[in-house]
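Chain A is fixed; fit chain B onto it per the hints.
Taken in sequence, the protein lines are chains A and B. The first sequence: position 251 = 243 (my numbering), numbered continuously. The second sequence: position 244 = 236 (my numbering), numbered continuously.
Some hints here could point you the wrong way.
Note that the list lumps identical chains together, so a pair holds whenever it fits in one copy or between two copies.
[Unchecked claim] Each computed DSSO-like pair below joins lysine-lysine, with the alpha-carbon atoms no more than 27 Å apart:
#1 K1 - K78
#2 K33 - K11
#3 K166 - K131
#4 K229 - K33
#5 K48 - K11
#6 K83 - K166
#7 K1 - K83
#8 K48 - K33
#9 K11 - K78
#10 K11 - K137
#11 K83 - K131
#12 K11 - K229
#13 K229 - K1
Since the hints were made in silico from the structure, they are not lab data.
There are 2 protein chains.
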Amino acid sequence: MPIDTRHPKDIRSDIRAQKITGITAGLGQGFVQANLAVLPKDHAYDFLLFCQRNPKPCPLIEVTDVGSPVPAGVAPDADLRTDIPKYRIYKDGVLADEVTDATPYWRDDLVAFLLGCSFTFEWAMLEAGVRLWHIEHGKNVAMWKTSIECRPAGVFHGPTVVSMRPIAAADVAKAVTASARFPATHGTPIHIGDPAAIGIEDLSAPDWGDAPELRPGDVPMFWACGVTPQAVALASKPPFMITHSPGHMFITDVPNGALAAL
Amino acid sequence: MPIDTRHPKDIRSDIRAQKITGITAGLGQGFVQANLAVLPKDHAYDFLLFCQRNPKPCPLIEVTDVGSPVPAGVAPDADLRTDIPKYRIYKDGVLADEVTDATPYWRDDLVAFLLGCSFTFEWAMLEAGVRLWHIEHGKNVAMWKTSIECRPAGVFHGPTVVSMRPIAAADVAKAVTASARFPATHGTPIHIGDPAAIGIEDLSAPDWGDAPELRPGDVPMFWACGVTPQAVALASKPPFMITHSPGHMFITDVPNGALAAL
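So here's chain A without its partners, still in its complex pose:
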């Protein structure tokens, strides 16, 4: 993956000018990247409550004021309508458009939610010396729907989605403590070991992403995944919703390490 070590302000400027339109992996090294979910105010209370009740799949790091595209808490000079490389526009829960500038779709009644993503805890694990198969092999992490129901809130309900990483048995404890430092980016695993215990039948057939290779002695570790809130929100068929396109994240001004020191 390309490595771009400039400050997020400079990278977002290139994204706003549509000089960068691809995925954000490797961009803004060391800074927190975030998932985007934008909903009308009518749905915002239920969604905010859903995130409060399900903090591991839905770790909120920012909620904008109604109608404002400015994520004042994590990047005060950014504009969420233009500073993400690619957006998906949903109407009644169905994909209606994919755009590099969401300005034409912005409305005065929208609220933007930013949620922590796995890049941050993966960074912490790599820094701690934990090997991650999907990164070493340039693959997407594997994800599954589980039998673990989220706690519902208003119109939103559905299963927890997890990402799975095979970890060498000797590194399992290290992977727990490294990810535990980052509750705002999914925190500790929600399950370690037998996939069947959380309703996953076949580790070679993920619902999303690429099936990883389990080497002898590897233990499957399952973290709550940011796909959960998007899947749950779309399942409720909101009349209107904007998200980032997969892999095309928002890059904040918050250093990864700062999230661990709150």
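Same frame as chain A, but now just chain B:
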């Protein structure tokens, strides 16, 4: 203080029967106690967002469904209308009544918020061997308004209120790490040292509680305080609000230690 080591269910049963009407310090040893704030649905979104934006003074541990008095996530068989020893009823931000049973005031449009309280991190510090002057002397902790403004949300805005504990210099690091384990009960201090730096002029004149004695070598440590959300909510003069009476907390079924292991 009296020590009651029964399970919270038994203690809440006595509170519901009005056999216990006093403060809850010393009751339900080892279980999380919580502050109560009840607001009409019209104000619930702004309050939920205020808590999300200000997690250190406003650490949410539960939000009920609209109209439901059941804190399903932390005490599924409890009733928030009856299971707190004493309530305050506010109309237009002014104290209108103090009652031991809030049932007559309950409405279908109310949402109850439970927020973590300092008992849990004080327990963690005591377990770690940190001495706390106000507990040793049977006093209330000292609290001040500060010059640190909360991040506003909708109709809610105001200063952060802190509690201060004088800690022996050799124990300051221990007090930080012990409280850091409990982000859901205010977490780490927001300031250590010079009171003037956060707008506190006189450590002998707290805005609430009892002025503590600073022994030679003590360092003043300031934690965000659960008085903040109540003060902020009342300052906005909501048409209707219910809170617990000071010191008369809700006792959950959640062991203190469980909050640190999420």
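Structure-based check of all given hints:
1. K1 - K78: within (17 Å within a copy, 51 Å between copies)
2. K33 - K11: For K33 and K11, neither the intra-copy (32 Å) nor the inter-copy (45 Å) Cα distance is at most 27 Å.
3. K166 - K131: The answer is within: 23 Å in one copy meets 27 Å, while 43 Å across copies does not.
4. K229 - K33: both (15 Å within a copy, 23 Å between copies)
5. K48 - K11: Answer is neither: 34 Å inside a copy and 39 Å across each miss the 27 Å cutoff.
6. K83 - K166: The answer is neither: 43 Å in one copy and 52 Å across copies each exceed 27 Å.
7. K1 - K83: neither (31 Å within a copy, 47 Å between copies)
8. K48 - K33: Intra 23 Å, inter 25 Å, cutoff 27 Å: intra and inter.
9. K11 - K78: within (12 Å within a copy, 61 Å between copies)
10. K11 - K137: Neither. Shortest intra-copy (35 Å) and inter-copy (48 Å) distances fail the 27 Å Cα cut-off.
11. K83 - K131: neither (31 Å within a copy, 58 Å between copies)
12. K11 - K229: Neither. Shortest intra-copy (33 Å) and inter-copy (49 Å) distances fail the 27 Å Cα cut-off.
13. K229 - K1: Classified as neither; 34 Å inside a copy, 40 Å across copies.
Checked against the numbered hints given earlier, this structure breaks hints 2, 5, 6, 7, 10, 11, 12 and 13; the rest are met.
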